[in-house]
Amino acid sequence: MTHRIGKTLSTLGLGVVLATGAVSGPLVGMAQAAGASDTEHERAARWQEIAKSIFGDRQIAQTDSLVKIDAPVRALDAALVPITLTMPKDGQIKAVSLIIDDNPAPYAAKFEFGPAADPAELKLRVRVNNYTDMHAVVETQDGKLYEAKQFVKASGGCSAPMGMSDEEAMKGMGDMRLKFAETAPGKPVEATLMVRHPNFSGMQMNQVTREYTPARYIDKLTVSAGDRTVFTMTGDISIASNPVINFAFKPDGKPIQVAASDNQGGRWQHSFNPPSPTN
Amino acid sequence: MTADAVHPRTFGAGPSRRHALFAGLCLCCLPTLGRAAESFAIEEVGPGIFVRKGLIADATVDNDDAIANVGFIVGKTGVLVTESGGSLADGRWLRAEIVKRTDKPITHVVLTHVHPDHVFGAGAFVQDKPVFIGHAKLTEALSARGEFYRKRLIDLLGEDRTGPVVYPTMSVADTAEIDLGDRRLTFTAHGPAHTTSDLSMIDSGSGLLFPADLLFVNRIPSLDGSLRGWLTEIERLKTLGATRAVPGHGPVAVDLAPALADLSGYLTVLRDGTRAAIAKDVPIEKAVTSVAAEQRDAWALFDTYNGRNVTVAYQELEWE
Ligand SMILES: [Zn+2]
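Line by line, the protein sequences are chains A and B.
With UniProt numbering applied, the first sequence corresponds to residues 1 to 279, in that order.
With UniProt numbering applied, the second sequence corresponds to residues 1 to 320, in that order.
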């Protein structure tokens with residue numbers, strides 16, 4: 001059996017794993033992980049409730065072609081769970097929302113795409129606090145909603161301490177890097193955006209005061225190519241610290257602008273030269 | 001070195017907001033199967049130096065988190081505990097083994113770093129009022145993580161077998177020395193490596209080095225501090241003058257040079273493989289399955305920890 005719920009600590013030290021840690025580290029495994037015993041029916045009911053709070057009475061249809069979520073079935077590190085959203089239908093997707101049903105703040109992120117976007121593939125890293133369903137909901141250009149789902153086993157990702165002081169975690173806050181993958185001319189360019197920011201969840205303890213560090217997270221991030229928007233992300237505490245987002249855009253030779261803000265009034269702006277069209 | 005408190009502070013179970021909602025089943029009500037540690041042997045690895053080999057496993061409901069190499073040194077004036085154990089139950093077992101062998105007082109307990117399998121035995125020694133020795137960064141690391149670890153350990157072992165978080169009463173910022181009458185123990189506080197609170201020790205009586213989790217043998221290392229820093233601290237361990245060591249996990253004593261070579265072999269492959277993955281835009285979820293795969297047969301528990309190590313290394317190296 002791969003999965004002895006409640007009997008193995010894989011995430012405590014050698015045995016408890018943290019945001020930062022592994023066991024012999026940090027305890028890795030978990031005793032009976034929260035949410036592990038919920039039934040399919042309970043999960044579905046919870047999703048109904050969350051969907052209603054976010055999308056109101058709008059209908060959400062199932063899809064396996066408009067959006068797909070890839071996530072590890074069992075997270076290696078609950079504080080950094082890599083997610084890939086695949087949206088292969090070019091030109092049809094207006095926005096995508098990622099919801100982690102059992103997180104303390106389930107609505108992890110919403111991406112609204114602009115004219116310079118190629119939403120075919122989007123990657124981000126999130127925190128997962130429990131065994132949970134994850135939902136991606138896309139809005140198509142005609143205003144309809146479609147959902148896809150994936151179950152993930154992880155626990156403690158939101159409260160896992162960062163392994164450094166708050167001060168250290170905030171060093172260089174707002175620094176950014178943008179890396180471009182090599183692409184054939186005329187094709188969308190894949191890019192990786194890295195932002196230095198602790199994205200404090202509000203559930204992590206300060207090492208000195210031993211009180212909870214207030215939530216401080218990127219709440220808005222806009223990427224533009226020249227004056228055309230690639231996407232605007234609305235974020236929350238479920239995004240992992242030092243956010244990294246992979247996306248694709250249609251270049252036109254103009255600089256890429258990135259503007260970010262957090263919920264405590266932090267604002268940062270950077271401009272990057274686009275990849276040269278000759279390579 | 002400073003002694004910043006007379007009594008160890010202990011950390012009780014405070015309610016954590018939001019967490020009550022997520023509490024799991026009550027494992028403390030389940031019957032336990034008896035303790036594998038009863039059959040553990042303690043070996044004398046040097047004059048007056050006793051070590052128990054930890055299980056090559058993760059903490060489970062049956063093993064009291066007795067997974068680290070714990071032990072003690074009997075000196076002329078008292079006993080120094082080299083590692084306390086992975087739980088209160090494990091620490092109590094160790095204390096009973098000490099009392100069987102000597103009636104000297106337990107004067108010192110070393111808290112080698114923040115990980116639960118190395119500090120939760122400390123509660124068993126509070127009654128002896130020893131000096132609890134730790135890295136200068138250990139107090140803040142325990143403040144941030146101690147309760148997190150404790151809750152998880154309680155889920156597994158129950159509160160009675162888990163015990164409190166015990167803080168150091170003597171902190172080592174650089175180096176420090178303890179005299180046990182017939183032998184001196186020299187401590188070195190290391191920079192971020194396995195964790196950010198790694199403390200090593202050399203015994204003048206035997207020349208043995210106690211690197212704790214700065215040295216893993218056979219069991220795959222777990223990275224929780226700094227990959228580049230760990231490689232640096234390995235070089236430092238080589239300069240301390242020891243030829244034999246008691247690793248944090250693995251056999252009770254080993255030749256230092258080949259053991260460090262194996263460790264740095266893995267860490268170097270991990271570093272170079274992760275750097276190469278980042279350079280080629282291999283995303284983290286793919287890197288975890290490919291980086292260091294060639295080391296798989298060399299280490300126990302590889303599948304449990306290597307992917308995690310890659311995740312930690314990736315985050316450190318992607319900002320280079
Ligand atoms: Zn350790």
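One should not assume that every hint holds.
Here are the simulated BS3-like pairs of lysine-lysine, each with C-alpha atoms no more than 27 Å apart in a straight line [what the hints assert, rightly or not]:
#	chain 1	residue 1	chain 2	residue 2
1	B	100	B	76
2	A	89	A	171
3	B	100	A	187
4	A	149	B	76
5	B	286	A	110
6	A	187	B	76
7	B	286	A	123
8	B	280	A	123
9	B	286	A	89
10	A	179	B	76
11	A	171	A	187
12	A	153	B	286
13	A	68	B	100
14	A	250	B	100
15	B	280	A	254
16	A	144	A	89
17	A	171	A	153
18	A	153	A	250
19	B	100	A	179
20	A	68	B	286
21	B	76	A	250
A partial selection of chain A residues facing chain B, derived with a Cβ cut-off under 10 Å [as the list claims (entries may be wrong)]:
#	residue
22	163
23	182
24	186
25	246
26	250
No lab work stands behind these hints, which were simulated from the structure alone.
Here the structure is a predicted model, which means the values were calculated and not measured.
Note that the Cβ used here is the ideal one computed from N, Cα and C, for glycine as well.
### Query
Hint numbers the structure violates, sorted upward?
2, 3, 4, 6, 10, 11, 13, 14, 17, 18, 19, 21, 24 and 26
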